[in-house]
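*Asks:* The lines below spell out each chain.
Protein chains: 2
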Amino acid sequence: MRTGTELGARPHLPGGFQDFFAEDVLARSEMIATICRVYERFGFAPLETPAVEYLDVLGKYLPESDEAEGGVFAFKDDDRRWLALRYDLTAPLSRVVAQYGDGLPVPYRRYQVGPVWRREKPGPDRFRQFYQCDFDTVGSASPAADAEVCAVVCAALEELGIPSEQFEVRVNNRKVLNGVLDQIHVPPDRHLAVLRAIDKLDRLGVEGVVDLLGKGRQDPSGDYAEGAGLTAAQSEAVRAFVSAGGDSRGSVIERLSRLVGDSAVGREGVNELSNINRLLDAMGLPSRLVRFDPTVVRGLGYYTGAVFEATLTFEVTDQGGLSRSFGSIAGGGRYDDLVKRFTGAEVPATGLSIGVDRLLAALKALGRTNKTRRTGPVVVTVMDSDRLAEYQNMVSELRRSGIAAEIYLGDRGLRAQMKYADRRGAPVVIIAGTDEFQRGEVSIKDMRLGTDLSSDIADRDEWRNSQRVQRSIARANLVAAVREILTQ
Amino acid sequence: MRTGTELGARPHLPGGFQDFFAEDVLARSEMIATICRVYERFGFAPLETPAVEYLDVLGKYLPESDEAEGGVFAFKDDDRRWLALRYDLTAPLSRVVAQYGDGLPVPYRRYQVGPVWRREKPGPDRFRQFYQCDFDTVGSASPAADAEVCAVVCAALEELGIPSEQFEVRVNNRKVLNGVLDQIHVPPDRHLAVLRAIDKLDRLGVEGVVDLLGKGRQDPSGDYAEGAGLTAAQSEAVRAFVSAGGDSRGSVIERLSRLVGDSAVGREGVNELSNINRLLDAMGLPSRLVRFDPTVVRGLGYYTGAVFEATLTFEVTDQGGLSRSFGSIAGGGRYDDLVKRFTGAEVPATGLSIGVDRLLAALKALGRTNKTRRTGPVVVTVMDSDRLAEYQNMVSELRRSGIAAEIYLGDRGLRAQMKYADRRGAPVVIIAGTDEFQRGEVSIKDMRLGTDLSSDIADRDEWRNSQRVQRSIARANLVAAVREILTQ
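For the record, the sequence lines run as chains A and B. Following my numbering, the numbering of the first sequence begins with -8 at its first residue and continues without gaps. Following my numbering, the numbering of the second sequence begins with -8 at its first residue and continues without gaps.
Just so you know, these hints were derived from the structure itself, not from any lab. Since we're looking at a predicted model, the values are computed, not measured. Some hints here could point you the wrong way.
[Unchecked claim] Within a straight-line C-alpha distance of at most 27 Å, the following computed DSS-like cross-link-like pairs (lysine-lysine) qualify:
#, chain 1, residue 1, chain 2, residue 2
1, A, Lys191, A, Lys206
2, B, Lys112, A, Lys112
3, B, Lys67, A, Lys67
4, A, Lys112, A, Lys206
5, B, Lys206, A, Lys67
6, B, Lys112, B, Lys67
7, B, Lys355, B, Lys331
8, A, Lys112, A, Lys67
9, A, Lys331, A, Lys67
The shape of chain A in the complex, shown without the other chains (with noise of 0.2 Å):
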């Protein structure tokens, strides 16, 4: 009934989404399981809201962005309310915590993992579909809550197999660097120039900074970017401010303990590190690993105490042929003001949003994903249609033993078959025609061996001549067989 559309329609996908087959389902859920596994180790639970939310309930702007237009799928419910698909996990989660109050445990402890989506010009890294990897403690103002989630992400990254010099951990904290502005006086409506400022550190090095913090700066294209119009003084504290890294945890508190002076914001944000840093040494997680960067602002105008990035620091290549650090996979902060939009209240949340789809496209770049190479069915080739239920009988054993197998369904010749098999990753393929049966024998080829000959053989015979391959064995034999194969 389907007479919908008219024929003809042209089979394909709105740009930025995508189609994901079997070798990429299986690793990217292999990925999820194994974060889930080491979220629900550190006591966070599961929570799945729905694709679909209330518009004015979700709020119509993307975090870190102050763009009023776009960025949401939405469209008019029958009461012609608005209705749109999830941008991220974090507006669901605080529409959770406002709507169940009491009913939930306090802390309120979840992680989930969904797709989200985002109307957004698809580009060739750009999806409008992609999954998110959350966890959050809402409802916990302790540092202890920030040191964890430095924790669960470092755990997460080493049981997916990425050895810890590989990746870090970066935590910076919002109320330091206001701390540090306050002292020096800088006024509030000219902070976020200077994390503007700060965040093209990356591109322009500290001088190219401290010019955008000061008067304004002249690209090389000409272009003329505005300044933040510090005085000289200013800059220069702020210049020593994203200067604090380095080292040990500790140093870097006792730089930023002095640039923050007397500010109360700033030494709060100090204090905040001071006990973060306390518990890290607690949970043995080195200055190496987790490190305090001043440098670090993606995200500082959104969340209102510790800001976390994680990152992998194994070089990759570029699509220009560049050589660069793999670079970030997850991002995530404290967030006070999760419900406030709907009951005013502060609330202390913090918690942080992995990747998906960077990770695993780093997991995949360090082979590190399963080799899914040769890991579908055994397939049970059909050399005489008449004997369907002995074939039958044959995966129904291996079934049984728990391998996954399946008769060949097509309609198609012995060749056909093998290059479907070989198209499927088969480990095996079992043939049998008149000659086996009458003999009580199949015949058994190991595809893990046989790869690279698949291609150039033509018919029975010269399949019989590759030995080392394939073999006769007894049809009673065959589950053993099979099984001597897969787990050699």
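Chain B: place on chain A using the hints.
*Replies:* Only chain B this time, still in chain A's reference frame:
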């Protein structure tokens, strides 16, 4: 920056959408993982398509519905083309098959699990987002593929712990009914009316159906239902068809064979059933478990050959207090028009969709979901916030041993902490204050034993007194003692 929401937006979900908390998420994930394991054992490989597709590519209509309006959540892309949320997993499959063509193995055997969305009026048991769990074999006309559908659903239900006495798979064939109707000269434009009449068998009984096949029928309520206009002889033949089920598959085939006479399409259908029967026998699936049943018409207007319906036969009490058998949890069939709407070509396909939420409800009714009582994390209470690092050491040790554990991260007293641990389903609570630290001990409480007591116990001393459930152990034995409780 979530300033897009005015303060006071009411935190709630649109009708027909649901949140799922820990226990439900875990029960469903586990159920889905079991089903997918079975799908893989039968040789199906995972596919994941995005939630959003072009509306005209999905088709505007739902299967088994001829309503043009509604049914789908649709919205316009920036280029004004209509996008929509998928309403099932078959429409995306047909797009994939048409799009990738020769890039896929033939037959293409995929499974897919995920939510689908329907723009419908929500009701008590009617949701606008729900999960489906499908498998299909595309590009095979073999009866082995149909027989396998039955085997897969039986294996999945058994693996989920449902005894084979409590379910059955009912099989019908569209071609057989077409053959019967051909044989008695019912014109094709009456076929749908006949299907609709048969579909009311449960409610009206055979005589009611015969009325509907003929002149029509007056309801007890006075409403008059138009009849299909069949002659008495024609109605008798249809009555014989719907009564042809019963004992063994072999006898059903014999009766159907007589009814289709020399109708070509009818003979084809009977042949298909006959081949399926042979293979079901080979797979050891008896007639009681996989039954040939001409009264199955659900989907018969949609599918082109075999039709499958899996039902759970155990009794449940419905909302009105009446006992009834649980009913359908999966449906499918052979559908050869899968890519016709794109390419005009017929591609034979067969498969089945499990209704995840219905099946989960059934598992709950059977007590077959994991008792998730007390499967939360071990909670380490905080008696002395200056010793956070020492508490942190405890959870780190537990986690390193693979035990889910957390520090209580709130700021309330022991009583609230015990209540929190109880709500989290903590199996064990660790309590350590100044006394314990001085003695090098910790108190360990077995929450599985103590559940009944916890709500009445007001202070620390009373806790200490409940010796049966709480005892002091040496700090060094923490992990061993917790593990001992967990493995009891």
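*Asks:* For the pair supplied as a hint, Lys112 of chain A and Lys206 of chain A, is the alpha-carbon distance within the 27 Å limit?
*Replies:* 33 Å, violated
*Asks:* Hinted pair, alpha-carbon criterion (27 Å max): Lys112 of chain B, Lys112 of chain A. Please report holds or violated.
*Replies:* Answer violated: Lys112 of chain B to Lys112 of chain A is near 33 Å, above 27 Å.
*Asks:* Is Lys191 of chain A within 27 Å of Lys206 of chain A, Cα to Cα?
*Replies:* The given pair, whose Cα atoms are some 15 Å apart, holds under the 27 Å limit.
*Asks:* Quick one, are Lys67 of chain B and Lys67 of chain A close enough, alpha carbons at most 27 Å?
*Replies:* The hint holds at about 11 Å.
*Asks:* For the pair supplied as a hint, Lys112 of chain A and Lys67 of chain A, confirm whether the alpha-carbon distance does not exceed 27 Å.
*Replies:* 22 Å, holds
*Asks:* Take a quick look at whether Lys206 of chain B and Lys67 of chain A sit within 27 Å of each other, Cα to Cα.
*Replies:* Violated, because 44 Å separates the two Cα atoms, which is more than 27 Å.
*Asks:* Would you check the hint for Lys355 of chain B and Lys331 of chain B, treating anything up to 27 Å between C-alpha atoms as holding?
*Replies:* 40 Å, violated
*Asks:* Below or equal to 27 Å on CA atoms is what counts here, so check Lys112 of chain B against Lys67 of chain B.
*Replies:* 22 Å, holds
*Asks:* Sort out whether Lys67 of chain A lies within 27 Å of Lys331 of chain A, counting only the CA atoms.
*Replies:* Satisfied, since the Cα-Cα distance of roughly 26 Å is no more than 27 Å.
Hints 2, 4, 5, 7 from the earlier list are contradicted by this structure; the remaining hints agree with it.
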